[in-house]
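Undergrad: Residue 1 is where the sequence shown starts when you use the UniProt record's numbering, and the numbers rise one by one after that.
Hints in this document: simulated from the structure, not taken from any laboratory.
Even for Gly, the Cβ is constructed at its ideal location relative to N, Cα and C.
Be aware that one or more of the hints could be misleading.
[To be verified] Within a straight-line C-alpha distance of at most 25 Å, the following computed PhoX-like cross-link-like pairs (lysine-lysine) qualify:
hint, residue 1, residue 2
1, 82, 19
2, 64, 74
3, 19, 64
4, 19, 78
5, 19, 70
6, 74, 19
7, 64, 78
8, 82, 70
9, 64, 82
[To be verified] Label-pair ranges, simulated between beta-carbon atoms:
hint, residue 1, residue 2, range
10, 75, 52, 34 to 44 Å
11, 81, 40, 20 to 30 Å
12, 8, 48, 14 to 24 Å
13, 2, 78, 20 to 30 Å
14, 23, 96, 35 to 45 Å
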Amino acid sequence: MDAPQQVAEFIRTGCELAKWYERQSCTLLQELYLRRVFFELLNHIADPLVHTCIRQQCLEQIYKPLLALKRYYKARRKGLNKFYLLEREARIISHEFNPYS
1 MDAPQQVAEF IRTGCELAKW YERQSCTLLQ ELYLRRVFFE LLNHIADPLV
51 HTCIRQQCLE QIYKPLLALK RYYKARRKGL NKFYLLEREA RIISHEFNPY
101 S
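Produce the complete structure using the sequences and hints provided.
TA: Given below as structure tokens:
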């Protein structure tokens with residue numbers, strides 16, 4: 001399995017688990033899985049020991065869990081503030097550790 005497929009499969013699995021918990025009305029676990037996928041991608045982007053192909057794919061596909069988190073937080077009271085903090089962190093890390101530069 002090549003890098004784009006590995007990263008996409010990781011994201012897909014995490015989002016499927018989050019959707020399952022959403023259907024079970026376990027919003028805390030739903031948020032946990034979405035955040036876990038998001039932060040795992042950020043950690044891979046920032047880790048110089050991870051192969052460049054994987055880091056690039058994490059950067060290219062980080063929008064998927066970020067959009068899922070936006071959807072989650074829009075449905076919560078004062079949730080967008082949490083989303084904006086996550087979005088800011090993603091911008092900082094992707095700028096500092098850009099594997100394309």
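Undergrad: Now tell me if each hint is right for this structure.
TA: How the hints compare with the structure:
no. : hint                  : verdict
1   : 82 <-> 19             : 20 Å, holds
2   : 64 <-> 74             : 16 Å, holds
3   : 19 <-> 64             : 14 Å, holds
4   : 19 <-> 78             : 21 Å, holds
5   : 19 <-> 70             : 14 Å, holds
6   : 74 <-> 19             : 16 Å, holds
7   : 64 <-> 78             : 22 Å, holds
8   : 82 <-> 70             : 9 Å, holds
9   : 64 <-> 82             : 17 Å, holds
10  : 75 <-> 52: 34 to 44 Å : 37 Å, holds
11  : 81 <-> 40: 20 to 30 Å : 23 Å, holds
12  : 8 <-> 48: 14 to 24 Å  : 23 Å, holds
13  : 2 <-> 78: 20 to 30 Å  : 41 Å, violated
14  : 23 <-> 96: 35 to 45 Å : 37 Å, holds
Going through the hint list in order, the structure does not satisfy hint 13, though it satisfies all others.
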